[in-house]
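Protein chains in written order, with my numbering: chain A, 1 to 569; chain B, 1 to 569.
Do not take every clue at face value.
Since the list gives no way to pick out one identical chain from another, each pair is judged satisfied if it fits inside one copy or across any two copies.
DSS-like cross-link-like pairs, simulated, lysine-lysine; straight-line CA separation at most 30 Å [claimed, not checked]:
no.: 1; residue 1: K339; residue 2: K399
no.: 2; residue 1: K34; residue 2: K51
no.: 3; residue 1: K52; residue 2: K515
no.: 4; residue 1: K63; residue 2: K51
no.: 5; residue 1: K34; residue 2: K415
no.: 6; residue 1: K339; residue 2: K415
no.: 7; residue 1: K63; residue 2: K415
no.: 8; residue 1: K34; residue 2: K63
no.: 9; residue 1: K565; residue 2: K63
no.: 10; residue 1: K63; residue 2: K52
no.: 11; residue 1: K457; residue 2: K24
It is worth saying that the hints were derived from the structure and are not from the lab.
2 protein chains.
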Amino acid sequence: MRTTQLLFPTLREDPSDAEVISHKLLMRAGMIRKTAGGIYTYLPLAFRVLKKISQIVREEMDKAGGQEVGLPIVQPRELWDQSGRWQLYGDEMFRLKDRHQRDFCLGPTHEEVITALVDGEVHSYRDLPLLLYQIQDKFRDEIRPRFGLMRGREFIMKDLYSFDVDEDGLDISYRKMYFAYQAIFERIGLDFRVVEADSGAIGGNVSHEFMVLAGSGESVIVYCDQCNYAANVEKAEAVCKMPEDALQCGAYELVASPGVRTVDDVSGFLGIKPERVIKTLIYVADGQPYAVLIRGDRELNEIKLKNHLGATEIFMAPEEMVQEITGVSIGSVGPIGLKIKILADLEIRHMADAVCGANRPEYHLLHVLPERDFKVAEYLDLRNVVAGDPCPHCAGELKATRGIEVGHIFKLGTKYSQAMNAWFLDEDGNKRHYVMGCYGIGISRVMAAAIEQRYDKNGIIWPMSIAPFQAIIVPVNVKDVQQVTYAEQLYRDLIARGVEALLDDREERAGVKFKDADLIGIPLRITVGPKSLQQGKVELKRRWEAEGELIAQSDIIEVIMSEIKKELR
Amino acid sequence: MRTTQLLFPTLREDPSDAEVISHKLLMRAGMIRKTAGGIYTYLPLAFRVLKKISQIVREEMDKAGGQEVGLPIVQPRELWDQSGRWQLYGDEMFRLKDRHQRDFCLGPTHEEVITALVDGEVHSYRDLPLLLYQIQDKFRDEIRPRFGLMRGREFIMKDLYSFDVDEDGLDISYRKMYFAYQAIFERIGLDFRVVEADSGAIGGNVSHEFMVLAGSGESVIVYCDQCNYAANVEKAEAVCKMPEDALQCGAYELVASPGVRTVDDVSGFLGIKPERVIKTLIYVADGQPYAVLIRGDRELNEIKLKNHLGATEIFMAPEEMVQEITGVSIGSVGPIGLKIKILADLEIRHMADAVCGANRPEYHLLHVLPERDFKVAEYLDLRNVVAGDPCPHCAGELKATRGIEVGHIFKLGTKYSQAMNAWFLDEDGNKRHYVMGCYGIGISRVMAAAIEQRYDKNGIIWPMSIAPFQAIIVPVNVKDVQQVTYAEQLYRDLIARGVEALLDDREERAGVKFKDADLIGIPLRITVGPKSLQQGKVELKRRWEAEGELIAQSDIIEVIMSEIKKELR
Numbered sequence: 001m002r003t004t005q006l007l008f009p010t011l012r013e014d015p016s017d018a019e020v021i022s023h024k025l026l027m028r029a030g031m032i033r034k035t036a037g038g039i040y041t042y043l044p045l046a047f048r049v050l051k052k053i054s055q056i057v058r059e060e061m062d063k064a065g066g067q068e069v070g071l072p073i074v075q076p077r078e079l080w081d082q083s084g085r086w087q088l089y090g091d092e093m094f095r096l097k098d099r100h101q102r103d104f105c106l107g108p109t110h111e112e113v114i115t116a117l118v119d120g121e122v123h124s125y126r127d128l129p130l131l132l133y134q135i136q137d138k139f140r141d142e143i144r145p146r147f148g149l150m151r152g153r154e155f156i157m158k159d160l161y162s163f164d165v166d167e168d169g170l171d172i173s174y175r176k177m178y179f180a181y182q183a184i185f186e187r188i189g190l191d192f193r194v195v196e197a198d199s200g201a202i203g204g205n206v207s208h209e210f211m212v213l214a215g216s217g218e219s220v221i222v223y224c225d226q227c228n229y230a231a232n233v234e235k236a237e238a239v240c241k242m243p244e245d246a247l248q249c250g251a252y253e254l255v256a257s258p259g260v261r262t263v264d265d266v267s268g269f270l271g272i273k274p275e276r277v278i279k280t281l282i283y284v285a286d287g288q289p290y291a292v293l294i295r296g297d298r299e300l301n302e303i304k305l306k307n308h309l310g311a312t313e314i315f316m317a318p319e320e321m322v323q324e325i326t327g328v329s330i331g332s333v334g335p336i337g338l339k340i341k342i343l344a345d346l347e348i349r350h351m352a353d354a355v356c357g358a359n360r361p362e363y364h365l366l367h368v369l370p371e372r373d374f375k376v377a378e379y380l381d382l383r384n385v386v387a388g389d390p391c392p393h394c395a396g397e398l399k400a401t402r403g404i405e406v407g408h409i410f411k412l413g414t415k416y417s418q419a420m421n422a423w424f425l426d427e428d429g430n431k432r433h434y435v436m437g438c439y440g441i442g443i444s445r446v447m448a449a450a451i452e453q454r455y456d457k458n459g460i461i462w463p464m465s466i467a468p469f470q471a472i473i474v475p476v477n478v479k480d481v482q483q484v485t486y487a488e489q490l491y492r493d494l495i496a497r498g499v500e501a502l503l504d505d506r507e508e509r510a511g512v513k514f515k516d517a518d519l520i521g522i523p524l525r526i527t528v529g530p531k532s533l534q535q536g537k538v539e540l541k542r543r544w545e546a547e548g549e550l551i552a553q554s555d556i557i558e559v560i561m562s563e564i565k566k567e568l569r
Numbered sequence: 001m002r003t004t005q006l007l008f009p010t011l012r013e014d015p016s017d018a019e020v021i022s023h024k025l026l027m028r029a030g031m032i033r034k035t036a037g038g039i040y041t042y043l044p045l046a047f048r049v050l051k052k053i054s055q056i057v058r059e060e061m062d063k064a065g066g067q068e069v070g071l072p073i074v075q076p077r078e079l080w081d082q083s084g085r086w087q088l089y090g091d092e093m094f095r096l097k098d099r100h101q102r103d104f105c106l107g108p109t110h111e112e113v114i115t116a117l118v119d120g121e122v123h124s125y126r127d128l129p130l131l132l133y134q135i136q137d138k139f140r141d142e143i144r145p146r147f148g149l150m151r152g153r154e155f156i157m158k159d160l161y162s163f164d165v166d167e168d169g170l171d172i173s174y175r176k177m178y179f180a181y182q183a184i185f186e187r188i189g190l191d192f193r194v195v196e197a198d199s200g201a202i203g204g205n206v207s208h209e210f211m212v213l214a215g216s217g218e219s220v221i222v223y224c225d226q227c228n229y230a231a232n233v234e235k236a237e238a239v240c241k242m243p244e245d246a247l248q249c250g251a252y253e254l255v256a257s258p259g260v261r262t263v264d265d266v267s268g269f270l271g272i273k274p275e276r277v278i279k280t281l282i283y284v285a286d287g288q289p290y291a292v293l294i295r296g297d298r299e300l301n302e303i304k305l306k307n308h309l310g311a312t313e314i315f316m317a318p319e320e321m322v323q324e325i326t327g328v329s330i331g332s333v334g335p336i337g338l339k340i341k342i343l344a345d346l347e348i349r350h351m352a353d354a355v356c357g358a359n360r361p362e363y364h365l366l367h368v369l370p371e372r373d374f375k376v377a378e379y380l381d382l383r384n385v386v387a388g389d390p391c392p393h394c395a396g397e398l399k400a401t402r403g404i405e406v407g408h409i410f411k412l413g414t415k416y417s418q419a420m421n422a423w424f425l426d427e428d429g430n431k432r433h434y435v436m437g438c439y440g441i442g443i444s445r446v447m448a449a450a451i452e453q454r455y456d457k458n459g460i461i462w463p464m465s466i467a468p469f470q471a472i473i474v475p476v477n478v479k480d481v482q483q484v485t486y487a488e489q490l491y492r493d494l495i496a497r498g499v500e501a502l503l504d505d506r507e508e509r510a511g512v513k514f515k516d517a518d519l520i521g522i523p524l525r526i527t528v529g530p531k532s533l534q535q536g537k538v539e540l541k542r543r544w545e546a547e548g549e550l551i552a553q554s555d556i557i558e559v560i561m562s563e564i565k566k567e568l569r
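Generate coordinates for the entire structure from the input sequences, incorporating the hints supplied.
Shown next as structure tokens:
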């Protein structure tokens, strides 16, 4: 293609409303434009990238036995009533009525539609397993759409659903998808990690996230430096390796602590380390109050707490409610004498000579010994893992990094097939619910994540696999007949060899063209300038290298071909 | 692919709610399933066909200089207020509110979004022309969705929009699209005609429809048997070739006509041909009443009338209103003595000794001579053309046929760019509105139309270009090792040669497999049976031929390759 015929309105300045680098660069490279909050138009360069990502995903899904289908965007309420999610989904679901006042939603996901479809068509174990997928726009009415394509309201997803006869079948389907996802992100050429994840509201018990590593990532990932353990911090298992010493100390005693509220206050006032403080948090889970104990230097992981309790909704009690439940304010609560159920993190079991609130305003207790001084209903893994924690699988130590979730695979089990009463007949003629899995990749999010991982101050650095064009030819001066003649010939030769080439035939200064080529991130730039041309050479510059190199005209096509081949793993 | 791994739940019976053949066969071939009224799921076979149609369309759009983009489905009301269509579009537009109660619609078309985009990014005549397109789901809340994919509420469209500096530029863009569309339907291999069409509410004055010829088509097309004139009957020009005789007759006279109401009544009662009767119709256009005269044997074309009047809304006055306007009932109205404006079809000018209503109950007038007996404000082309009419372009005669609209191209002019105040600077630095065109192809409709044109009692007959698979291999007995071994080898060889082959490896009777192969319409069927195998042969049957032929095993691959090549024009 020629730049004079390509719509790519590049910007010199960062748009004011863009917070993250991918949003800034997608805007500046003329790839996306906002149509409404969280709703974007993809311009030609972006559309090329999206097509390439989709094609890689499609090929790997097909290889793994997936069949591509097209499910509707507008979905009738009846299906969502069957699964119970019409109510559950809340404001995040776009809802609408048709002209006959019937309720519909815009598909945020497609478990309901696909389960109903399969239930209608597949009646025998002989027709399973079945892996159906689509690549399509999805809709979620985010309360605060932001970060450009990272959290939009209309976005492109690949979603595959697997249907198996039993858990063993699901294991196989799940593993197929796991490896297909690995293949996809390897082919795209992104640095990523697979982490154990919390499966959240979508149900099921096993789930993995595919995270593209990037400093700007929303999620914290911990991983072992010695084995391949990696997990989302929300899910990562905290190992409690404590000294086996007999735990003892003198009887607890009251100490006045005027104005002391937080763990930092306590440790400062008493001159002790925060890890000797027992933090007492009051939580309400499905209407029931709990005291939750955690070491002063740790963070409570609410998802772990919620999962342990099997609760639908939990929240930390606000000041007034704490007063009502415990009789004192938040900063003075402690476990001794509390009337509500006490849950404690595993580490609490190993504390001695601890400090905690006294349930009396302006006082704390010293020399506290758990189990001697108060009873705990259950010791649980409740804290966030941090870098330096021991690995739960080996003798290694955990490191932390940040990542962007681009793929998520779930074992759903029979959650939907049971709710929607969807079944097949097994070998013995018995009715059985399909055992399901679901597997998503955010196609438009992958594009943004690739940028978050690969950019420099000049712009995007696309991996060859998903670059909108593989090579750009820049004649320095389009009024120089010799340069133009050579550039045009090279352009035609590259196209003929199947290279996705862009010819910058604009009447612009070379500096402007170089800036644009860098900004839009084309992997290979071939500069056709007067000096090198006289020497029978052209300059090849790789986007990720600072300097270009001169290549003989007789070699340039082969060099480009081999460069592309090398990059496309 | 193997049939055991393909979801194609074929049905033996026509579904009860399917009225047209494409709906019946798409359902029976296991290609689509209904999710809600007018909303369908595309199963794997259908999705393959849709991908092929899309790819052909994409290639031709790219060749014509189109750039593919992705525009949002959910569109903010503000854009539609600018064009004035938020009000105009009525109930056919799906509307919704987001969580902040802001108004959005589901894109039924994208003029607004694309005009706003281009207005924001393209400011100079140097960046024009610009041709942007997308292939995407569109939404129209049809009052009565029916005929399967022919009139759905969620359907797939390719829509391209052209932006030019002036009308001459638009002419070029329009012509590019015209030829691209011809290329598309030729490549797909459908029998089609391009017709002049009414551009309706979308605006502009020039428009062509691409019609796939099929007996079940909703539209009547007339075409010349001697030149390439063709037009939608709504638009076709009626030529009035009448004798040049001096028109004369005796003075008109009143005749009692008790119980005579319709043209048929009149001609029966008086024993004259209907073409001697003047039919007087009362119409109301934007609140204004008109008498419209047309020959008794003709049909009024309301669209022509509406366009001539430049009216927004017209309707035929009901009985009560006719009484109020003329003082008599519908069957007695005539032009003589009427107080409202009279419009007449061209043919009325050439009538003499005509019969018409007397504006007096139970009476008619004989020997009526237009212009002598009543004045006509305007003679216009108001009637429907019929087969046998003279061609307006040559000496030929028009024929009539039926067609399905699969493509429609429009010159929009500045309708949208003016309404939305979208402009660029021309060579002289003056603000100018973009001159636009829009060009649509119903991708999912093409799939249905192809079936309406190509089927027999056994099922679909896909053209090679868009067939879900090019060839199907049917081993007669999958328990026969020799057959299976040969079929598997042939399958692998064909795949290796790039043939889209399907292997029917199901444990079913040969009859069932043949029925399914016919039903889903695979162009080439290779049957591997015991007898032919012993002779070193296999049977090749083309879907559109009654009988197969035996081909030597050594030749079969080359025969298949050349057959595919021949079919793919």
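Hint check results:
For a Cα distance limit of 30 Å, the shortest separation of K339 from K399 qualifies neither inside one copy, at 39 Å, nor across copies, at 93 Å. In the homo-oligomer, the alpha carbons of K34 and K51 lie at most 30 Å apart both inside one protomer (20 Å) and across protomers (28 Å), since each shortest distance falls under that limit. Only within a single protomer do K52 and K515 lie at most 30 Å apart by alpha-carbon distance; the minimum there is 24 Å, versus 38 Å between protomers. For a Cα distance limit of 30 Å, the shortest separation of K63 from K51 qualifies both inside one copy, at 18 Å, and across copies, at 18 Å.
Within a single copy, K34 and K415 get their C-alpha atoms only as close as 37 Å, which misses the 30 Å cut-off; across copies the closest is 24 Å, which meets it. When the C-alpha separation of K339 and K415 is checked against a cutoff of 30 Å, the pair qualifies neither within a copy, at 37 Å, nor between copies, at 74 Å. In this assembly of identical chains, K63 and K415 lie within 30 Å of each other by CA distance solely inside one copy; the values are 27 Å within and 49 Å between copies. In this assembly of identical chains, the alpha carbons of K34 and K63 lie at most 30 Å apart only when taken from different copies (28 Å versus 36 Å within one copy).
In this assembly of identical chains, the alpha carbons of K565 and K63 lie at most 30 Å apart whether taken from the same copy (22 Å) or from different copies (27 Å). Proximity of K63 and K52 under a CA criterion of 30 Å is satisfied in both settings, with 17 Å inside one chain copy and 19 Å between copies. Taking CA atoms no more than 30 Å apart as the test, K457 paired with K24 passes inside one copy only; the shortest distance there is 12 Å, against 58 Å between copies.
Hints 1, 6 from the list above are not met by this structure, while the remaining hints are.
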